[in-house]
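One line per chain: the protein sequences are P and U, in this order.
Under the working numbering, think of the first position of the first sequence as 1, with each following residue one higher.
Under the working numbering, think of the first position of the second sequence as 273, with each following residue one higher.
Since the hints were derived computationally from the structure, they do not count as laboratory data.
Any given hint could turn out to be false.
Derived DSS-like pairs (lysine-lysine); straight-line CA-CA distance at most 27 Å [stated by the list, open to error]:
| # | chain 1 | residue 1 | chain 2 | residue 2 |
| --- | --- | --- | --- | --- |
| 1 | P | K161 | U | K422 |
| 2 | P | K260 | U | K422 |
| 3 | U | K413 | U | K398 |
| 4 | P | K260 | P | K161 |
| 5 | U | K399 | U | K422 |
| 6 | U | K461 | U | K413 |
| 7 | U | K578 | U | K622 |
| 8 | U | K407 | U | K370 |
| 9 | U | K370 | P | K259 |
Listed below, chain by chain, are the residues.
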Amino acid sequence: MKKDSLIASPFMLWVLIFTIIPLGMVCWYAFTDASGAFTLANIETIGTYWVYLKDSLVMGAVATLLCLVLGYPVAYIMSRASWGAQQTMMMLLMLPQWMNFLLRTYSWMTILENNGLINTLLGKIGIGPFQMINTKGAIILGMVYNFLPYMILPIYSVMEKIHESLFEAARDLGANRYNTLLRVVMPLSLPGVITGITMVFVPSVSTFVISQMLGGGRNMLIGDVIERLFVGAAPNYNVGAALSLVLMVLILISMAIMKKFDDGEETGGLMM
Amino acid sequence: MSLIKNFSAASAALLGGCVLMSENIISLKNISVSFDGEVVLDKLNLDIKDGAFVTLLGPSGCGKTTTLRIIGGFQEPDSGDVFFGSERINDLPAHKRKLNTVFQRYALFPHLNVYENIAFGMRIQKKSESEIRAKVDEMLKLVSLEGFEKRRTSTLSGGQQQRVAIARALANDPRVLLLDEPLGALDLKLRQEMQVELKRIQSRLGITFVYVTHDQEEALSMSDTIVVMNHGVIQQIGSPIDIYNEPENGFVADFIGESNIVDGIMHADCDVEFCNTRFECVDTGFAKDEEVDVVIRPEDIVVVPKEESGLRGTVTSVTFKGVHYEMYVDVPGEEEEWIIQSTVAQEEGKEIGMTVDPENIHIMKKYTGDYASDIEFA
Chain P
1 MKKDSLIASP FMLWVLIFTI IPLGMVCWYA FTDASGAFTL ANIETIGTYW VYLKDSLVMG
61 AVATLLCLVL GYPVAYIMSR ASWGAQQTMM MLLMLPQWMN FLLRTYSWMT ILENNGLINT
121 LLGKIGIGPF QMINTKGAII LGMVYNFLPY MILPIYSVME KIHESLFEAA RDLGANRYNT
181 LLRVVMPLSL PGVITGITMV FVPSVSTFVI SQMLGGGRNM LIGDVIERLF VGAAPNYNVG
241 AALSLVLMVL ILISMAIMKK FDDGEETGGL MM
Chain U
273 MSLIKNFSAA SAALLGGCVL MSENIISLKN ISVSFDGEVV LDKLNLDIKD GAFVTLLGPS
333 GCGKTTTLRI IGGFQEPDSG DVFFGSERIN DLPAHKRKLN TVFQRYALFP HLNVYENIAF
393 GMRIQKKSES EIRAKVDEML KLVSLEGFEK RRTSTLSGGQ QQRVAIARAL ANDPRVLLLD
453 EPLGALDLKL RQEMQVELKR IQSRLGITFV YVTHDQEEAL SMSDTIVVMN HGVIQQIGSP
513 IDIYNEPENG FVADFIGESN IVDGIMHADC DVEFCNTRFE CVDTGFAKDE EVDVVIRPED
573 IVVVPKEESG LRGTVTSVTF KGVHYEMYVD VPGEEEEWII QSTVAQEEGK EIGMTVDPEN
633 IHIMKKYTGD YASDIEFA
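The whole structure should be built from the sequences, with the hints applied where relevant.
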């Protein structure tokens, strides 16, 4: 026992420095006022910012759903391809990730701008221009584009482990492709889907870079609000910390619901 | 209803399946398959009678599993035709074929419990819940797993998982059940129990079983018909007794049980010479002085005092095997030592004489392949 805790000590130290202390500081700021006295006033300001929070949750959910719809088939195709093809597809998926996140988002700005790539091309055939930049749609596009790999990879890694014999067993028992997908692949890939949703939803809800660059400051998300409260013209660490905490709790709750769903499938014997 | 069922099952058993077995349910005609230029099946022809327990037996790489996968629809032959009854089913996809498979590693669905695994096929056919429940109960009873409905498959032992796999396959009322080395992962005791069980299930349901194995004992104890394969070619088709007593060539003889296989010369009908000794045998129809393989089962060799036989050798090792002793005998002029099985042990180092009854000397055409290395492959 003693030996075990000794082995774990570097990890515990790491957790202390990078998780517990920062979290403690956020909590301390959130529940104190400028003079350092305890207060709930910071938490109560959430009412003022509710509209941004709601927008963030809705747009994050839409982006996550789009990632799932786009990513699931890709993960399925990848997992059933030959080994060589899998490697190639993985490479193509990861390649853009090696470029800077800001750079990738900037390039979307030049594509979506009023006199950007798309509108210029559309103008040549006499259509448009359309307002694309600085819309909610542009922000969701940015989220989907940037976070799609985090949906594909966990689903792919779970699907890839589904043994070929299960596909054969399903076919043997009379299942066509559709039935195999519905009754075997989907339930077995659920843990990957849950992980994927988490990995896309969390950064989508809390992003501020994407909304600033593609939303043009007109579509503020909760991430933008928090950022301004920390580094803006009139900083207020206490309210910023309180909003971060509320956001964190909301994300934790949604994750818990997802997890519950996953567990339910695991133990629930009778499907459909 | 159950009375009629019982009666028909009983009568089928009484008739030894003669009536049921009169028609071919599966026919393979000139099937050839190669993977990456390597021939796996070479113009294979095989008829499987309705209601029979047919075993495809051979070393790994002999094409037996490929044959099964072609019947199941998981492998397309490069050429040749597959018939189900009189219907050509080459282009019928696996999920539409009226047969089911018990897979080598069970392939149970890990996200479903025992009940839902067995119900899988019926759910796809959209059968009613009451119908499904009745069938699952019947199947669980058949494989002696009552009360396991709610268990997750991962909590079951290998033998139990195997039973679920069998129940799942049989729940769709297939006319043919394909079994791909289903007992390979079980220990000896359990394997023997399951052999008896499978045979019981097969005769009770009266459906055709096509069973793949590399275990000759398994094949001998369960099958109506054994198909011995090697290098994608059928070596012999016959009843277990035929295959054991009258192997058609050295490969079959060596693969089915232990055998002493020596070079011989057929001087005339019923007159063979091997180990520089002339023996009387019962085989006829060979050319004069034709070179042949002589096969003698270890249990058919009778040990006599050395003065009483021209065939002599020195005992090099004696091993107690339970029912009998297994002895290796060095025979002068022979490359390989002979194996003798006898209930009486001899001393190591002793020179003994050996005789064989004429009907226990099996003469066969020379096998061109190297059966020793073929079998080590298994």
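So, going through the hints one by one against the coordinates:
1. K161/P to K422/U: Holds, at about 25 Å.
2. K260/P to K422/U: The hint holds at about 20 Å.
3. K413/U to K398/U: 23 Å, holds
4. K260/P to K161/P: 23 Å, holds
5. K399/U to K422/U: 20 Å, holds
6. K461/U to K413/U: Roughly 22 Å separates the two Cα atoms, so the pair holds.
7. K578/U to K622/U: 10 Å, holds
8. K407/U to K370/U: Cα-Cα ~17 Å, so holds.
9. K370/U to K259/P: Given that 27 Å is the threshold and the Cα spacing comes to 40 Å, the pair is violated.
The structure shown violates just one earlier hint, number 9.
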